[in-house]
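Novice: With the hints as constraints, model all of the structure from the sequences given.
Number of protein chains: 2
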Amino acid sequence: MTTRTGNVFIISAASGTGKTTLVSRLVKNHADIRVSVSHTTRAPRENEQHGKHYYFVSQEKFMDLVGQGAFLEHAEVFGNYYGTSVMGVEELTRQGFDVILEIDVQGAAQIRETLPHAIGIFILPPSLAILEERLRKRETDSAEVIERRLAEAKSEIEQASAFDYVVVNDDLIATEMNLLHIIRSQLFRQPLQRATIEKVLQNS
Amino acid sequence: MTTRTGNVFIISAASGTGKTTLVSRLVKNHADIRVSVSHTTRAPRENEQHGKHYYFVSQEKFMDLVGQGAFLEHAEVFGNYYGTSVMGVEELTRQGFDVILEIDVQGAAQIRETLPHAIGIFILPPSLAILEERLRKRETDSAEVIERRLAEAKSEIEQASAFDYVVVNDDLIATEMNLLHIIRSQLFRQPLQRATIEKVLQNS
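Protein sequences, first through last, are from chains A and B. Counting from 1, position 174 in the first sequence corresponds to residue 174 in UniProt numbering; the numbering is continuous, with no gaps. Counting from 1, position 58 in the second sequence corresponds to residue 58 in UniProt numbering; the numbering is continuous, with no gaps.
Because the hints were derived from the structure by calculation, they are not lab data. Quick caveat, the model's predicted, so the values are computed rather than measured. Incorrect hints may appear among the rest.
Stated by the list, open to error - In silico DMTMM-like pairs for lysine to aspartate or glutamate, Cα to Cα no more than 20 Å straight-line:
1. A/Lys199 with B/Asp170
2. B/Lys199 with A/Glu152
3. A/Lys199 with B/Glu158
4. A/Lys199 with B/Glu133
5. B/Lys52 with B/Asp104
6. B/Lys199 with A/Asp170
7. B/Lys199 with A/Glu132
8. A/Lys199 with B/Glu152
9. A/Lys154 with A/Asp164
10. B/Lys199 with A/Asp171
11. B/Lys199 with A/Asp164
12. B/Lys154 with B/Asp104
13. B/Lys154 with A/Glu198
14. B/Lys28 with B/Glu48
15. A/Lys154 with A/Glu144
16. A/Lys52 with A/Glu91
17. B/Lys199 with A/Glu158
18. B/Lys154 with B/Glu132
19. B/Lys199 with A/Glu133
Claimed, not checked - Here are the simulated distance ranges between beta carbons:
20. A/Asp171 with B/Arg148: 48 to 54 Å
21. B/Ala174 with A/Val27: 18 to 24 Å
22. A/Lys52 with B/Thr114: 48 to 54 Å
23. B/Met177 with A/Lys154: 33 to 39 Å
Glycine included, every Cβ here is placed at the ideal spot set by N, Cα and C.
Specialist: Shown next as structure tokens:
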């Protein structure tokens with residue numbers, strides 16, 4: 001494969017849908033797929049590393065970056081700020097990596113305005129009942145927070161039709177493969193292949 | 001997976017590009033992918049079976065079918081007629097199969113008018129020089145016919161940009177996988193997933 005410019009994928013889902021696990025697997029199993037690393041003001045969870053999972057910054061530092069126009073999108077979610085830097089994404093696609101932006105529905109809408117060629121993928125839970133069960137099993141949130149997340153989930157799922165692709169996560173391995181199908185298929189979309197057609201015609 | 005209506009894929013290429021081998025592999029390896037069986041007036045090649053590779057019919061019978069409007073498309077290629085029946089394709093997609101129409105560029109243009117939702121995939125050889133080598137190795141055609149096919153190939157490749165996806169066949173296994181990525185990814189295109197989104201929202 002000759003050097004290509006990578007594609008940008010916006011992957012969104014209601015929390016508890018398995019989005020983070022799926023994206024981690026894709027990145028681990030495919031060297032040419034990367035995630036953009038977001039900035040956040042929230043506290044690191046167990047095992048989360050600065051610079052790998054997130055750039056953990058203070059609210060003051062975050063606001064400085066906002067002022068500098070460093071973010072492709074930023075949003076407040078449950079009292080914490082999250083942002084995706086423009087520079088990080090562009091550098092990776094220029095190197096030929098497909099870049100996944102794993103962001104909430106609110107952030108996704110903002111990014112699609114800035115990056116109209118980004119491909120949106122929404123991951124659905126098999127049902128709201130199963131989503132509730134998954135959130136309870138996680139045991140990081142209080143009952144009250146779970147209720148709030150479920151209400152949020154419902155309104156987020158209602159926005160799934162704003163995405164280009166919609167995938168149900170009913171089986172982790174199958175869903176990972178389905179996401180890979182979507183990511184790989186973009187390489188062959190005709191507008192991106194004009195140069196290839198020309199090259200074949202000239203090489204006679 | 002619940003019952004779904006299959007998608008229709010138009011796969012075209014200049015002859016000698018490996019289209020037939022690729023499509024055969026896809027159908028052999030994936031039970032839910034089928035080919036439409038075309039009618040033709042040309043003589044069967046070695047190992048070609050009636051009803052499996054083609055319906056081999058006389059020119060008189062073929063013209064009868066044309067008169068009955070039985071074909072989605074039909075075309076004359078190198079003095080022989082080829083046609084794809086509407087009935088055969090619709091019956092398979094209704095049963096949930098993804099259907100591949102393996103047809104020449106001329107026929108592809110006709111089908112896209114009748115089936116605007118069909119997804120067009122064009123397979124490119126790595127270069128015209130390699131295509132020429134492949135045609136010579138096949139040893140079924142005279143030097144004169146090969147020259148004619150190469151000129152045809154060039155003008156067909158110039159039409160590749162009318163297709164939705166363009167794939168270079170430089171490695172059989174990799175290209176089969178890339179075609180599978182394209183075929184599978186269509187299942188998750190948002191407009192086809194509206195019912196799924198509704199179902200998740202109702203199942204709470």
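Novice: Quickly compare the C-alpha distance for B/Lys154 and B/Glu132 to 20 Å and report which way the hint goes.
Specialist: 11 Å, holds
Novice: With 18 to 24 Å as the target window, see if B/Ala174 and A/Val27 comply at their CB atoms.
Specialist: 21 Å, holds
Novice: B/Lys199 and A/Glu158: Cα distance at most 20 Å?
Specialist: 11 Å, holds
Novice: For a C-alpha distance cap of 20 Å, please report whether B/Lys199 and A/Asp171 respect it.
Specialist: Judged against 20 Å, a Cα distance of about 17 Å means the pair holds.
Novice: Below or equal to 20 Å on CA atoms is what counts here, so check B/Lys154 against B/Asp104.
Specialist: 13 Å, holds
Novice: Return holds or violated for the Cβ distance of A/Asp171 and B/Arg148 against the range 48 to 54 Å.
Specialist: Taking Cβ atoms as reference, A/Asp171 and B/Arg148 lie about 51 Å apart, which means the hint holds.
Novice: Next pair to validate is A/Lys52 with A/Glu91; report whether the Cα-Cα distance is within 20 Å.
Specialist: 16 Å, holds
Novice: Between the alpha carbons of B/Lys199 and A/Asp164, is the straight-line distance 20 Å or under?
Specialist: Distance ~18 Å between B/Lys199 and A/Asp164 Cα, so the pair holds.
Novice: Does A/Lys199 pair with B/Asp170 here, judged by a C-alpha cut-off of 20 Å?
Specialist: 14 Å, holds
Novice: Taking only the CA atoms, is the gap from B/Lys52 to B/Asp104 under or equal to 20 Å?
Specialist: With Cα atoms ~18 Å apart, B/Lys52 and B/Asp104 stay inside 20 Å; holds.
Novice: Check the following: the C-beta atoms of A/Lys52 and B/Thr114 are separated by a distance inside 48 to 54 Å.
Specialist: 52 Å, holds
Novice: Taking 20 Å as the top limit, are the C-alpha atoms of A/Lys199 and B/Glu158 close enough?
Specialist: Holds - the C-alpha atoms of B/Glu158 and A/Lys199 are around 11 Å apart, at most 20 Å.
When the structure is compared with the earlier hints, no violation turns up for any of them.
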